[in-house]
Structures are given as structure tokens and as C-alpha cells.
Amino acid sequence: MTKKTTLSDRLWYLFLAAALVLPFIPGGIGNSFHGHVLTMVLLYAAMAQAWNIISGYCGQTSFGHAVFFGIGAYGAAMAVVQFNTLPWYGAPVGAVVAAVTSVLISAPCFKLKGHYFAIATFAIVEIFSRLFMIWDWVGGAIGLDYPILDDGWRNFSWSSDKNGYYLGALALFTLIFGVVRWIESHRMGYYFRAVREGQETAESLGVHSTAVKLSAMALSAGLTALCGAFFAQYNYRVDPPMVMSLDISMKFLLITILGGLGTFWGPLLGAAVLIPLQEYTRAYLSHLGSGVDLIIFGIIIILTMIKQPMGIMGIIRGVTRRTSTVPAKEGDA
Amino acid sequence: MTLLEVRNLTKTFGALMANSEVSFDVERGSIVGLIGPNGAGKTTLFNCVAGLYKPTSGTVTLDGEDITGLPSWKIARLGVARTFQVVRPLKEMTVFENILVGAHMRHRETAKAAEIATRCMELCFLSSYRDHLSGGLTIGNKKRLEVARALATEPKLILLDEAVAGLTSTEVKEMVEVIRRMKDEGITVLMVEHIMEAIMPIADKLVVLNSGVKICEDAPRAVVQNPEVIRAYFGEKYSRRLRTEGKEDDHGCDA
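Protein sequence lines, in the order shown, are assigned to chains H and C. Position 26 (the first sequence) corresponds to 26 in the working numbering; numbering is contiguous. Position 8 (the second sequence) corresponds to 341 in the working numbering; numbering is contiguous.
The set of hints was computed from the structure by calculation and includes no laboratory data. Since the structure is predicted, the reported quantities are computational estimates derived from the model, not experimental observations. Just so it is clear, CB atoms sit at the ideal spot from N, CA and C, and this is done for glycine as well. Some hints here could point you the wrong way.
Reference excerpt, derived from the structure (chain C facing chain H, CB under 8 Å, subset only) [what the hints assert, rightly or not]: (1) Met350; (2) Thr401; (3) Leu403; (4) Ser405; (5) Arg415; (6) Gln418; (7) Val419; (8) Arg421; (9) Glu425; (10) Met426; (11) Glu430; (12) Arg441; (13) Arg482; (14) Thr486.
When you get a sec, could you build the whole thing from the sequences and use the hints?
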């Protein structure tokens, strides 16, 4: 079957090629602030896409993703700081622990529908953040500080030239977007969306909706944890408020909703708008106090939602529909 | 050969008895109509068979296997597909994607599932709406989408809950044609229906419910002459008129 998404395919490969070439042109990434911003855009896009799996495609809004992000971050940091080994071992362990945790949390919570599920996940973040605060083995409230390590892929750490981090973020981005791209065109993707659009209807078609939701959650949590591991490596430290706060949970949500919930490009578009904004306001408006970025986030999202609930993707679709020479006959004869 | 066997099925909601000791059989390859006035418990019975409700007591047997109280997704996988009386399109998905969800039940490979889905889409006259979002379809198309989606699970038995009600006369004809095609494909049909023109010519047997109790089970011709059915279903007035008309007809024949 020839699919209609060829334009999206072309955009995808074009984007990856451009992103891959960027660090190799002189003055591309290096140690510049813009390089940092680009790295963060890729990281947050990847995080938002991981969240999009359970909340966008599968329709189960989670405010709890900071927990899985945090577990991933602690996975990498514990490997380096406590076990004196490589983050490469910590990251997958963190991903598995996050996936298992997500299943244990969700199994009872999926009995709640709609908003009640969202509220339950809200509480989970608080619980885990307190737990990590008082847990001495993982550094308690002080957190874990990385020792000085040699630069390079082995330790996944770079102190002067940050190209490595950029490429690492690009790899993570490619992995998560690639997974979602694969899911979209396979049975799992159709089942995710069917559960979102109508659980009872999906079940009447043989879909075991609880199993589908749990697998979406586990996958989403595992991938989120990998992003957390990257975040720990990048910042060289972890503490509970940094990775397990509602602030972080909200970012997953805001980026995806701004870009377009349940769409493939939405998380990237949302991150491309909000993350530069976050980083530049932090750099230039920090004297106004912390949280200025979140205030601006909020205003942008409210304005977008009033105009177009499907976010930037909705706006783009509206424009392409209006300007296309052959108007798509929506609705019905 | 009996495909579906319902025995002494009772379903209560608190003090309300929706179904009481209902028993009937559905023969393999037949079309069985389930009729009765509003509130007779037809949809409740459907939901009990399809697993959306757990029966309070009684058994449902499919192909000799007890399926009473199984979750609906398991019953679907065992070969019972259903449509909903109030249509439930997966709104933000296209017509084809809706059907594809059903087709994926027996085929992990999307290519194979797409093949099945395309056939079901054609069978239900939906090909020209392939890439339309299902939320924007007319009611006639939505009802046929319900059927196409259920059909895509390749069921042994399909439960149609008022698939014809609310359609225009052209749409009714199309739907009746769809049901005939299903029978030709060897699928057994159990259908709830109010529109007698739709069900009379195609049903092999009618089961009549009134206030949750089965009052009659017979061939369509016999059922419409059953005085209890006429009273319950068509009302006292209509039944009197039918009787007098019948007498006049007899008289006419004699003359």
C-alpha cells in the first residue's frame, strides 16, 4: 500500500540530515549558548514525544512523567557516583525501573477514567519527590554530584566542546521519534488511538484496552527515563527538585499541547517554540525572578488554545487545507 | 446446528428486572431477529451476550463454549462482533482506520489487515469515504461503518443493534443488502430491529421480548399472527384492526 505520508517522510529525513550536519560546520555547536539551546530543543522534543505516546496517542493524560524522568536521571547518576561505573549501565537500568514503576502505578490508576487518572498521577510526583528527598542512599535532598570525568563517549561527558551532547540528544531524539513513527503505522498505533477514541468500542473489536494502556505507559516511561539519564549527564548532578517536580511534569504537557497533542511533529514544534523561549528568558530575564519562563509559556498556550486547540499542527493543517488547490472534501456528501 | 445458546438469562439493575429467564437458540448461518417494544430489554440482552454486562444469572454458550460473563474483548476474539445502537465511531480516525482496528484483531500484519478492511469497506458501500474522518459522516454511513468494523473482526456471529433504525429508505435498502451479503459469507446474524420492513423479509426466526420476558419464538410469518405478540408489540388498537382486516380478507377469498 502506498501511504499518503510521503511529505512527512521527506521532512523527517531532511530534518535528520540537517541536524546531523550542523555540528560539523565550523561554529555550529561547539561551546556556544545557541548550541546549548539546540541540544535542549532536541532533548525536550524527545521527552515530549515520549509523553505523547501515552497521553497523546493513547489519550491517558499523565502528570506523573517527572517521576520516570527522575528515575532515569538517578539511574545514570547512581551508576557514576555510587557504583563508579559507566552511565551506559545506569541508563538502561533506569529505563527498566521506570517502566516497571509506571506499570505498578498505572495498574490501579487505569481503573480511574479521564480526569481522575490525571489527578492520581499528579499525586504520584509529590510522593516520589518526598521519597527521594529523605532517601540517603540516593543523596537525599543534597542530591548526587558527579566527580570529574574524562571527556568522551565512554563517560558520556564533555566539558569544553559540547558537540557530543548535541549528538547524544540527536540520537535520543531519533530513537524516540523513530519508535513513534514505527508505532503510528502498525497495529499498536491503531490500538492506542482506538482506546483513546472509545475504550468500550475498542474492546468490542477485541482490543484488551488495559493491556494496551499499560504497554503504552511502560514504553512511554522507559523512553522518558532515557531522557532523564541524558539530563543528569548534561547537568553533572541530580537532586529531587531538579528532576522530580511538577514543573518538569508540566513541561512534557505544555510542549506537546502547544505543538499538537497526538501528532508526530507536535512535540518537535512545541519544543522549537518553547525551549528557546525558556533558555533565553532564563539568560536575559532572570533578574525578574524564577518562573518567568513558565509565565510566558502559560500566556502563549492560552492564546494558542483559544485560536486552535490542536496547537501549531492544527494551525499548519488549517493553512495547508486553505491553500491547497484541490480542497479536501471533509465531512460528507 | 446451534451456534449461540442463551439459557435462563436474567439481568437486573437494582430492583429493575431488564431480562428475566430468557432462553433461545441461534442456528448457525441463520438470521435471527430480536424484536419487542421499547424497554423490552433487547439491548440489555445484547450487552449480556457481548460481554459489556455480566448477566445476573443464566448462561451464554457459543459453539459449545461457555462465554457467560467474559470481558467483551475476549468474547470478540472468540468470534462475536457487535454494533452499537447509538453509533460509536472512533471520531478522530478515518473510515478506513476504524475498520482497520477491527481487522487487526486476527491479523498482526497491517498489510494483511488492510486487505480485509478494504473488503469490508467495499461490502458496506463505504469505499468513497475511505479517508474521511468518521466523526463527520452521515448517520447512514456511520451505521454502515459500525457494521464494517464489526465484520472486519471476521466473526462467526454478528450482533446488530438497530442497524437500520433512523435511516432513509435508500439507506435501509443498502443495509438490508449488506446483511444479505453477510449471510452469503456464512456469518450468523442476531439483530435487534424496530423496522419490520427491514427484518421481515430476511429473518429466519424472530424472538419477541416484552418487559424482559420472552413471549414468542417462531418464524416471522407465525410471529406476526401470534395474538400475544400483536398485543404487546403493535398495541391493542392495531391488533384489533389487524384481526378485522384478516376477517375481511378471508371473506374476500371465500367470495
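Hints and how they fare:
With a least beta-carbon distance of about 24 Å to chain H, the hint placing Met350(C) at the interface is violated under the 8 Å criterion. The restraint placing Thr401(C) at the interface with chain H is violated, with a minimum CB-CB distance near 17 Å, outside the 8 Å limit. Hint status for Leu403(C) relative to chain H: violated, with the closest Cβ pair at about 11 Å, above 8 Å. Hint on Ser405(C) holds. Least Cβ distance to chain H is approximately 5 Å, under the 8 Å limit.
Here the hint on Arg415(C) is kept, as its CB sits about 5 Å from the closest CB of chain H, short of 8 Å. For Gln418(C), the shortest C-beta to C-beta distance to chain H is roughly 12 Å, which exceeds 8 Å, and the interface hint is violated. The restraint placing Val419(C) at the interface with chain H is violated, with a minimum CB-CB distance near 11 Å, outside the 8 Å limit. Interface hint status for Arg421(C): upheld, as the beta-carbon distance to the closest one in chain H is roughly 4 Å, under 8 Å.
With a least beta-carbon distance of about 6 Å to chain H, the hint placing Glu425(C) at the interface is held under the 8 Å criterion. Hint on Met426(C) holds. Least Cβ distance to chain H is approximately 6 Å, under the 8 Å limit. At a threshold of 8 Å, the smallest CB-CB gap from Glu430(C) to chain H is about 6 Å, leaving the interface hint in force. Annotation: Arg441(C) was flagged as interfacial toward chain H, and the flag holds, the nearest CB pair being 6 Å apart, inside 8 Å.
The interface hint given for Arg482(C) holds, since its Cβ lies 6 Å from the closest Cβ of chain H, which is under the 8 Å cut-off. Look at Thr486(C): its Cβ gets to within about 6 Å of chain H, closer than 8 Å, so that hint holds up.
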